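J.: One letter stands for each residue in the lines below.
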Amino acid sequence: MKKKNIIQKDLGTKLLRSLSVYGLALLIAFGLISIIIALLGFSVPEALKTLVTTSFKSAFGFQETIKKTIPLIFTTYAFTIPFMIKFFNIGAWGQMLFGGTAVAAVGLLIGNFGLPSFIMIPLLVVVGISAGGLWGWFAGFLKAKYDINPIISTIMLNFVAVLFVNFIATSPTFKDPLEGHPITRPLPSSATLGFFHGIPYSIIFAILAIIFVYILLKKTKLGYEITSVGYNLHSSQTYGINFQKTIMLTFLLGGALAGLGGALEVMNIHGKLIEGFAKTSGAQYGVFGILTSLVVAGSPTGVPIAAFFMAVLLVGADALQRTMQIPVEMVFLSQALIVLLIVIIRKKFEPNGGK
Amino acid sequence: MTFITSFISQTMVYATVYTLTSLGIILGGRTGIFNISAEGILLASASTGFVTAYLTGNWLIGFIAGALIGAAFGFILAFTHETFKVNQFILGIILVIFGSGLSDLLYKIIVGVRLSAPQAPHVPTVTIPFLSKIPVISGILNQDVIVYFMYFAVIISYWFYYKTKIGLETKAIGENPKAADVVGVNVKRRRYLATIIGSALIGVAGAYLPIAITGTYSPDISAGRGFMAIGIAIFASWKPQRAILGGFLFAGIEVIAFQLELISANIPYQFFLMLPFVSVLIIMMIFKKQIEFPASVGKPYSRE
Chain Z
1 MKKKNIIQKD
11 LGTKLLRSLS
21 VYGLALLIAF
31 GLISIIIALL
41 GFSVPEALKT
51 LVTTSFKSAF
61 GFQETIKKTI
71 PLIFTTYAFT
81 IPFMIKFFNI
91 GAWGQMLFGG
101 TAVAAVGLLI
111 GNFGLPSFIM
121 IPLLVVVGIS
131 AGGLWGWFAG
141 FLKAKYDINP
151 IISTIMLNFV
161 AVLFVNFIAT
171 SPTFKDPLEG
181 HPITRPLPSS
191 ATLGFFHGIP
201 YSIIFAILAI
211 IFVYILLKKT
221 KLGYEITSVG
231 YNLHSSQTYG
241 INFQKTIMLT
251 FLLGGALAGL
261 GGALEVMNIH
271 GKLIEGFAKT
281 SGAQYGVFGI
291 LTSLVVAGSP
301 TGVPIAAFFM
311 AVLLVGADAL
321 QRTMQIPVEM
331 VFLSQALIVL
341 LIVIIRKKFE
351 PNGGK
Chain W
1 MTFITSFISQ
11 TMVYATVYTL
21 TSLGIILGGR
31 TGIFNISAEG
41 ILLASASTGF
51 VTAYLTGNWL
61 IGFIAGALIG
71 AAFGFILAFT
81 HETFKVNQFI
91 LGIILVIFGS
101 GLSDLLYKII
111 VGVRLSAPQA
121 PHVPTVTIPF
131 LSKIPVISGI
141 LNQDVIVYFM
151 YFAVIISYWF
161 YYKTKIGLET
171 KAIGENPKAA
181 DVVGVNVKRR
191 RYLATIIGSA
201 LIGVAGAYLP
211 IAITGTYSPD
221 ISAGRGFMAI
231 GIAIFASWKP
241 QRAILGGFLF
251 AGIEVIAFQL
261 ELISANIPYQ
271 FFLMLPFVSV
281 LIIMMIFKKQ
291 IEFPASVGKP
301 YSRE
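First to last, the protein sequences are chains Z and W.
For the first sequence, this note's numbering assigns the number 355 to the last residue and increments by one with no breaks.
For the second sequence, this note's numbering assigns the number 304 to the last residue and increments by one with no breaks.
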């Protein structure tokens, strides 16, 4: 009985502490944002109201928010899972691009065979997962075998992926001849997912991914290995966990999730491959994924909620640009600032936690 | 012949960006602060430097503004790391994101959308008497001031790390901050100084991109060179004399990739443009055994 009380008390203080971390960071950040907005000559209350409430004022706003939440969930996981063992996957961008490009290329190549949706869609999902996973795994492999810092390797692989998108989207085999911009022909309708009242069906895959990650990390041996390597590398090695293998696996998983995110963007949102498709509100989904993950201190359970709130801010940022001509970069910059503050304040409150 | 001179002088121009950036990263890294944010500094100083040079009509003020913005980033990095003990890599990544947002925002607010892209003032070229008149050599020697500044920075860095007491102490901080502290070196102050000056150097490289190379600012102008410069610093094992080698190597690859892209008809040009990024990985794989790191990189210093 007594033990339970201690645990509850502990949980209470922990909750209170993290609430105060977020509260304080948000307070300072919104203060700073207000100052910058005021300095630029815009109305502060109106801007803040637009930023926070656009998602909830109309059905369209909410649909847009969900559309942004789905890829964000994938890219946030892509950063979070390798981050659990203290490695940085900056490559969600490239993994997403690579997954989406592979799906578009394969989808267009086998599009004429007349395969039904129930074969086409699972097949393309697998293609996207594999392509993204391969791209992620390669960075893990370079770390495990050649000790190349994943920050550098994932960035280099991002640039290669960007050029690969351009190659596919401009090659005569795939390019839409009517488009000036590098865009492929549309995928056959059997390869695309539809919308339900404006909500993309890809949300089903996002929910499946959330369940998958939860079960994988909490209920399987592999998840246990990842968690224990993250807590204490040395003792985990003593118990026979293969560190090199764990590195490659976390990057494989992260890349596979990002690849699925890219595949779903191509299959559901655009229906074709468009150069620069992994971007939103002035930056890549990969970058917003990093920021989102840092907000929840790389804890996988917080990812879906944090991704949703990030999407709310992004929809608000788009609305600010539309209605008040405040550049989207303004919000992007503030987000980086907020995350920096959260990281600092968290470190101040819980010196040993928060990585 | 003109092909060779243009190849060499183009390589020199890009090598200036790579070498200055990696020298800046090396200076911070030698004291134990790994400046992952180089890409963000390049972007922020490119936009700040360009905007100031354009508004004042003076190239030098542009470079000074670039260096100052770089120094500000360096200060934030050192301050948040040393005072709050936040992981350097997390800080670096946030600063990269911050820098990329800041660069476009500044340009949009101050310059905005114009029909014709505004041009930066011209950076003066160094002409050496007599030698500059010889046909082939003149193509190689007649470079702008910043290229010569880069050579100067490499020589000064070499002299600093190997011949001066402060330089040796700087290296000692990177290897063993506690021991340096015991003999009376102010570890924190040195880390601040090294990171700030190093980041200012990166700022100069950033301002060089729009002012001297392209003449105009465009979003994402650094195109990953900040991260490639990190690759160079690691490949160079944090030695300035090897950083310039790496700088020329990557610049050469970049220029060759451009040229091949123009010549080749059969292979899609995108694959040539991939070359610089792929070669960073290949070179780091090849030189895996020779790479050394200062021992205290990544760890905040505290006396307890």
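Please keep in mind that the hints were generated in silico from the structure rather than gathered at the bench.
Keep in mind that a hint or two might mislead.
With a straight-line cut-off of 25 angstroms between C-alpha atoms, the simulated DSS-like cross-links for lysine-lysine are [as the list claims (entries may be wrong)]: (1) Lys288(W) x Lys178(W); (2) Lys245(Z) x Lys188(W); (3) Lys218(Z) x Lys245(Z); (4) Lys175(Z) x Lys86(Z); (5) Lys245(Z) x Lys272(Z); (6) Lys49(Z) x Lys145(Z); (7) Lys188(W) x Lys165(W); (8) Lys299(W) x Lys348(Z); (9) Lys85(W) x Lys86(Z); (10) Lys188(W) x Lys348(Z); (11) Lys85(W) x Lys165(W); (12) Lys348(Z) x Lys165(W); (13) Lys14(Z) x Lys85(W); (14) Lys288(W) x Lys49(Z); (15) Lys145(Z) x Lys108(W); (16) Lys108(W) x Lys279(Z); (17) Lys86(Z) x Lys165(W); (18) Lys108(W) x Lys86(Z); (19) Lys178(W) x Lys188(W); (20) Lys299(W) x Lys86(Z).
Nothing here was measured: the structure is a model prediction, and the numbers come from that model.
J.: Does each hint hold? Answer for all of them.
T.: For each hint, the structure was consulted:
A hinted pair counts as satisfied when its Cα atoms are at most 25 angstroms apart, and lysine 288(W) with lysine 178(W) does not qualify at roughly 28 angstroms. A hinted pair counts as satisfied when its Cα atoms are at most 25 angstroms apart, and lysine 245(Z) with lysine 188(W) does not qualify at roughly 38 angstroms. A hinted pair counts as satisfied when its Cα atoms are at most 25 angstroms apart, and lysine 218(Z) with lysine 245(Z) qualifies at roughly 19 angstroms. Only pairs whose Cα atoms come within 25 angstroms are accepted, and lysine 175(Z) paired with lysine 86(Z) is rejected, the gap being roughly 40 angstroms.
At most 25 angstroms may separate the alpha-carbon atoms for a hinted pair to count; lysine 245(Z) and lysine 272(Z) exceed this at roughly 36 angstroms. The hinted pair formed by lysine 49(Z) and lysine 145(Z) fails the criterion: a straight-line CA distance of about 51 angstroms is larger than 25 angstroms. Annotation: proposed proximity of lysine 188(W) to lysine 165(W) holds, straight-line Cα distance about 17 angstroms (limit 25 angstroms). Distance restraint check for lysine 299(W) and lysine 348(Z): the Cα-Cα separation of roughly 17 angstroms lies within the 25 angstroms cut-off, and the hinted pair is therefore satisfied.
For the suggested pair lysine 85(W) and lysine 86(Z), the alpha carbons sit about 16 angstroms apart, so the restraint of at most 25 angstroms is met. Distance check on the hinted pair: lysine 188(W) and lysine 348(Z) sit about 19 angstroms apart at the alpha-carbon level, within 25 angstroms; holds. For a cut-off of 25 angstroms, the pair hint linking lysine 85(W) to lysine 165(W) is broken: about 28 angstroms separates their Cα positions. With a CA separation close to 36 angstroms, the supplied pair lysine 348(Z) and lysine 165(W) exceeds the 25 angstroms bound.
For a cut-off of 25 angstroms, the pair hint linking lysine 14(Z) to lysine 85(W) stands: about 21 angstroms separates their Cα positions. Simply put, lysine 288(W) and lysine 49(Z) have alpha-carbon atoms about 53 angstroms apart, too far for the 25 angstroms limit, and the pair is violated. For the hint pairing lysine 145(Z) with lysine 108(W), the CA-to-CA distance comes to about 44 angstroms; that exceeds 25 angstroms, so the pair is violated. With a C-alpha separation of about 19 angstroms, the suggested pair lysine 108(W) and lysine 279(Z) falls inside the 25 angstroms cut-off, and the hint holds.
Restraint check: the Cα-Cα separation between lysine 86(Z) and lysine 165(W) comes to about 36 angstroms, which exceeds 25 angstroms; the hinted pair is violated. For the proposed pair lysine 108(W) and lysine 86(Z), the alpha carbon gap of about 36 angstroms is over 25 angstroms, so the pair is violated. Proximity of lysine 178(W) to lysine 188(W) is assessed by CA-CA distance (about 11 angstroms); at most 25 angstroms being required, the pair is judged to hold. For the given pair, lysine 299(W) sits about 14 angstroms from lysine 86(Z) by alpha-carbon distance, which is consistent with the 25 angstroms threshold.
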